[in-house]
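Enquirer: Sequence:
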Amino acid sequence: GLEGWESRTVISDRAHIVFDFHQAVDGIQEQQRQQQDGRNLGTTRKGIGPVYAAKASRAGLRICDLLADFGQFSKKFEALARQYEATYPGLRIDTAAELRQLQVLGTPLPFGELLVRDGVHFMHQALHGPPRKILVEGANAALLDIDFGERRIRRDAPGIPGMGTDPFGMSCCTGWEAPGNAAPFLGWGFTTGRKRRCGWLDLVLVRYAHMINGFSALALTKLDILDTFPEIKVGVEYRLDGKPIPYFPASQELLDRVSVRYETLPGWLRSTEGARGFSELPPQAQGYVRFVEQHLGVPVKWVGVGKFRESII
695 GLEGWESRTV ISDRAHIVFD FHQAVDGIQE QQRQQQDGRN LGTTRKGIGP VYAAKASRAG
755 LRICDLLADF GQFSKKFEAL ARQYEATYPG LRIDTAAELR QLQVLGTPLP FGELLVRDGV
815 HFMHQALHGP PRKILVEGAN AALLDIDFGE RRIRRDAPGI PGMGTDPFGM SCCTGWEAPG
875 NAAPFLGWGF TTGRKRRCGW LDLVLVRYAH MINGFSALAL TKLDILDTFP EIKVGVEYRL
935 DGKPIPYFPA SQELLDRVSV RYETLPGWLR STEGARGFSE LPPQAQGYVR FVEQHLGVPV
995 KWVGVGKFRE SII
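Using the numbering used here, the letters of the sequence shown map in sequence onto residues 695 to 1007.
Quick caveat, the hints were computed from the structure, so don't treat them as lab data.
Just so you know, even glycine gets a beta-carbon here, dropped at the ideal spot from N, CA and C.
Any given hint could turn out to be false.
What the hints assert, rightly or not - Think about it this way: if two alpha-carbon atoms lie no more than 20 Å apart in a straight line, the pair counts; the simulated PhoX-like pairs of lysine-lysine are:
| id | residue 1 | residue 2 |
| --- | --- | --- |
| 1 | LYS916 | LYS927 |
| 2 | LYS916 | LYS1001 |
| 3 | LYS749 | LYS770 |
| 4 | LYS916 | LYS827 |
| 5 | LYS769 | LYS749 |
| 6 | LYS995 | LYS827 |
Unchecked claim - Label-pair restraints from in silico Cβ distances:
| id | residue 1 | residue 2 | range |
| --- | --- | --- | --- |
| 7 | GLY908 | LEU799 | 38 to 48 Å |
| 8 | LEU948 | GLY908 | 22 to 32 Å |
| 9 | GLN766 | LYS927 | 49 to 59 Å |
| 10 | ALA791 | GLU987 | 54 to 64 Å |
| 11 | GLY698 | VAL814 | 20 to 30 Å |
| 12 | GLN797 | LYS927 | 56 to 66 Å |
Turn these sequences into a full structure, and let the hints steer you where they fit.
Expert: Pasting the structure below:
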């Protein structure tokens, strides 16, 4: 295993705990959706949805609960387990066995030591202390946000807050779109293994994400994917029942009636993978990037041209 991982790992004391029964409930809910509606959401069945439901209902348990007072934690755990068993009669939870495992997990992690910390204070110190580079992984984009996202592809977690600090004003804009569940674009998801269909860049969605986040710059990734296309389409306008609309519909029924107006740009039909400067891109590829910038009013600061770390302009 990795050596010294303890000194490089920090867990927020506010992190909610995913229990085995959350994963079981996730699977039961997917089966119920399939039986009732003929289709399910395509979740990973890792218990994420049930955990966020418990969080919203104030019944969820966090790392700080586990480490502060195990007696109180046990009572809350048993109450939560009974609640799930009452809701799903076929579910059986061995609370005694699970609590024994949790007690072992909680023992070597005393609150306040290196591994478990107050996440807000930790990030504030990192941002406002000595200058350092901070890499943030944003797994869920704006259109996957539980509040602002498209209904069929929304994740259980909010994508906008969550890091425990003020926003950086920097975000990513992908050059193509490929959501990974039971959505308009399907995929080979990393966890699920499902196939993906990939669509043209939708600048209406990117503009909507910009309204929410206030981007100061964009990272346009996967430009090399377009190297073999003689023509490249870009979605620039939504029409609802034939009339242009300046917004992204919240209603799934309205969204199903939307048509997209595309503008067609010339392709470049040559590899961009070796480019390491903007001037090294084919003129048509440069025009594609400039089109995105002009349409959104946000500069493109990075352009991805390959699968390797150094494949970036």
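Enquirer: Now look at each hint and say whether the structure bears it out.
Expert: Okay, the hints, checked on the actual structure:
1. A threshold of 20 Å between alpha carbons decides the hint, and for LYS916 with LYS927 the separation of about 15 Å falls inside it, so the pair holds.
2. For the hint linking LYS916 to LYS1001, the alpha-carbon distance of about 8 Å falls within 20 Å, and the restraint holds.
3. For the proposed pair LYS749 and LYS770, the alpha carbon gap of about 13 Å is at most 20 Å, so the pair holds.
4. Restraint check for LYS916 and LYS827: not satisfied, since their Cα atoms lie roughly 24 Å apart, outside the 20 Å limit.
5. Distance restraint check for LYS769 and LYS749: the Cα-Cα separation of roughly 17 Å lies within the 20 Å cut-off, and the hinted pair is therefore satisfied.
6. The suggested pairing of LYS995 with LYS827 holds, with an alpha-carbon distance near 17 Å, which does not exceed 20 Å.
7. Range check, GLY908 to LEU799: Cβ separation about 40 Å, and the 38 to 48 Å hint holds.
8. Checked against the given bound of 22 to 32 Å, the beta carbons of LEU948 and GLY908, roughly 26 Å apart, stay inside it.
9. Taking 49 to 59 Å as the suggested C-beta distance range, the pair GLN766 and LYS927 conforms, at roughly 58 Å.
10. At about 58 Å, the CB distance of ALA791 to GLU987 agrees with the hint of 54 to 64 Å.
11. In this structure the hint that GLY698 and VAL814 lie 20 to 30 Å apart at CB holds, the actual value being about 25 Å.
12. The hint said 56 to 66 Å for the Cβ distance between GLN797 and LYS927, and at roughly 58 Å that hint holds.
Hint compliance for this structure: hint 4 alone is broken.
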